[in-house]
Amino acid sequence: MEDLKGIAALFTACITLSVLVNLLIFYKDRKSLVDGFILAALVFVNQSLEFVSSFWAIDKTILVFAYINTFNFSISFASYYLLKRIQPESKQNWKAFMFSIMLLPAGFVYMSSFKMVHTGFFFTQYRYFASPLANVIIGLLQALWGLYFLTKVMFGDEEKKKSFHYKAVLAGYLIPPVVVVAASIISLNSALLFESVYSKLLILNVISLFIFIIKDKK
1 MEDLKGIAAL
11 FTACITLSVL
21 VNLLIFYKDR
31 KSLVDGFILA
41 ALVFVNQSLE
51 FVSSFWAIDK
61 TILVFAYINT
71 FNFSISFASY
81 YLLKRIQPES
91 KQNWKAFMFS
101 IMLLPAGFVY
111 MSSFKMVHTG
121 FFFTQYRYFA
131 SPLANVIIGL
141 LQALWGLYFL
151 TKVMFGDEEK
161 KKSFHYKAVL
171 AGYLIPPVVV
181 VAASIISLNS
191 ALLFESVYSK
201 LLILNVISLF
211 IFIIKDKK
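The numbering used here puts the first residue of the sequence shown at 1, with every later residue one more than the last.
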């Protein structure tokens with residue numbers, strides 16, 4: 001598999017692209033698709049960058065910088081979308097982007113720290129000024145957010161508890177951080193591959209939002 005580095009990222013990008021195409025072709029109400037489209041586009045760009053950098057062994061700072069930031073904003077947007085579903089009238093939902101916004105200007109300052117360390121068939125290891133501390137923070141934040149959302153739904157109104165829409169979105173959000181945190185506890189290597197592992201699991205967010213949109217249209 002030495003000649004097929006980054007193929008897992010290509011596979012994820014293709015699935016995400018199919019979701020994007022479906023959203024554009026079959027759903028005409030563009031306004032209701034914005035959230036799902038942006039998240040799918042971010043994950044598609046992120047996985048395309050991983051594939052390009054891994055397959056052709058392009059260790060360019062700007063590519064790694066773009067990869068890390070599309071990853072961070074993908075996670076933030078997934079949180080924002082879920083917040084909008086659970087508490088649509090709240091004016092605090094934008095805070096889901098705070099961590100990504102804070103890292104962005106710091107990334108420009110420490111641009112030279114963005115490196116691709118290792119490439120493989122399934123995962124690619126990256127390093128930058130805030131890793132691995134940022135990885136731990138992101139993982140824990142997502143897990144805590146997920147638990148918060150779970151309690152909001154479980155102790156919220158009956159309609160949300162029974163709704164397949166909310167169950168799909170919540171499952172798509174909860175599974176990635178739970179899997180990554182558990183894998184990191186079991187193996188340190190999983191923590192070092194945090195961005196690459198988590199970014200592929202974000203396909204669950206994309207698919208769950210796609211299901212939500214389909215069911216919402218019926």
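Hints are computed from structural coordinates only; laboratory data are not their basis.
Glycine residues also receive a C-beta, built at the ideal position from the N, C-alpha and C atoms.
The reader is advised that the hints may include incorrect statements.
Pairs of lysine-lysine, DSS-like flavour, derived with a Cα cap of 30 Å [what the hints assert, rightly or not]: (1) Lys95 / Lys84; (2) Lys60 / Lys115; (3) Lys95 / Lys167; (4) Lys167 / Lys91; (5) Lys84 / Lys115; (6) Lys84 / Lys167.
Each pair of labels, with its calculated beta carbon distance range [unchecked claim]: (7) Leu201 / Leu104: 18 to 28 Å; (8) Lys91 / Lys60: 37 to 47 Å; (9) Ile101 / Leu4: 34 to 44 Å; (10) Ala106 / Lys167: 31 to 41 Å.
How the hints compare with the structure:
| no. | hint | verdict |
| --- | --- | --- |
| 1 | Lys95 / Lys84 | holds (12 Å) |
| 2 | Lys60 / Lys115 | holds (7 Å) |
| 3 | Lys95 / Lys167 | holds (23 Å) |
| 4 | Lys167 / Lys91 | holds (23 Å) |
| 5 | Lys84 / Lys115 | violated (35 Å) |
| 6 | Lys84 / Lys167 | holds (15 Å) |
| 7 | Leu201 / Leu104: 18 to 28 Å | holds (22 Å) |
| 8 | Lys91 / Lys60: 37 to 47 Å | holds (40 Å) |
| 9 | Ile101 / Leu4: 34 to 44 Å | holds (36 Å) |
| 10 | Ala106 / Lys167: 31 to 41 Å | holds (37 Å) |
Violated hint: 5 only; the structure is consistent with all others.
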